[in-house]
Amino acid sequence: DVKVTQSSRYLVKRTGEKVFLECVQDMDHENMFWYRQDPGLGLRLIYFSYDVKMKEKGDIPEGYSVSREKKERFSLILESASTNQTSMYLCASTPGAGLNTEAFFGQGTRLTVV
Amino acid sequence: GNSVTQMEGPVTLSEEAFLTINCTYTATGYPSLFWYVQYPGEGLQLLLKATKADDKGSNKGFEATYRKETTSFHLEKGSVQVSDSAVYFCALTRGIIQGAQKLVFGQGTRLTINP
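Residue numbers (the numbering used here), protein chains in the order written: chain A, 1 to 114; chain B, 1 to 115.
Bound-form chain A, shown alone:
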């Protein structure tokens, strides 16, 4: 069974903390994505990566960075957490080049910044 696994289901962090969200996929996919999900806004793309050490900004990259040192692992970093980053974070992966490929999602990490 193919899997995208996020390291935590729930996290509570303090304002100003550096926060790491981890995502691992076991499908040998080239592409990995980080989204945040907020009520009434759907999913918004933060960053994505198309290869090891390669990354591209999405629609809302401010306040975030990412790291992809190995093909199977994609980390989202909140450099200095703020309350407006309280949200559900979803990781996804897709295989290499081509349209119409299915995206596989992790179960999500609900982050609360207090």
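Since the hints were derived computationally from the structure, they do not count as laboratory data. Every residue gets a Cβ at the ideal spot worked out from N, C-alpha and C, and that includes glycine. A portion of the hints provided could be inaccurate.
Said to hold, decoys possible - Only part of the chain A face toward chain B is listed, based on derived beta-carbon distances under 7 Å:
{"#": "1", "residue": "D28"}
{"#": "2", "residue": "N31"}
{"#": "3", "residue": "G42"}
{"#": "4", "residue": "L43"}
{"#": "5", "residue": "Y50"}
{"#": "6", "residue": "G96"}
{"#": "7", "residue": "A97"}
{"#": "8", "residue": "N100"}
{"#": "9", "residue": "F105"}
{"#": "10", "residue": "G106"}
{"#": "11", "residue": "Q107"}
Guided by the hints, dock chain B onto chain A, whose structure is given.
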């Protein structure tokens, strides 16, 4: 730019009722269209897709037809079950960068089915 608009929820129906969740889009070119479903406590999973005009995607009793003339991709099911309770997202392809297909999602519609 490309965007997706879904009907506002939440939607509450009785078991065996007919379901329609509206989705319209704005896009340049000919995007592929998708419906993803998120069951409680889980990530999103692909429900169905259509890649060109007049294509019909179908899965688990759900259907959606790619209507270019009305820029719509409405989700339908003839008889819903309690197990269909979930959040449904319409999405479209926004292009490919370095082989990575980017998607844009609607805001999601929460569906609750009562027995």
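Evaluated hints:
| no. | hint | in the structure |
| --- | --- | --- |
| 1 | D28 | violated (14 Å) |
| 2 | N31 | holds (4 Å) |
| 3 | G42 | holds (4 Å) |
| 4 | L43 | holds (4 Å) |
| 5 | Y50 | holds (4 Å) |
| 6 | G96 | holds (5 Å) |
| 7 | A97 | holds (3 Å) |
| 8 | N100 | holds (5 Å) |
| 9 | F105 | holds (3 Å) |
| 10 | G106 | holds (5 Å) |
| 11 | Q107 | holds (5 Å) |
Hint violations for this structure: number 1 only, all remaining hints satisfied.
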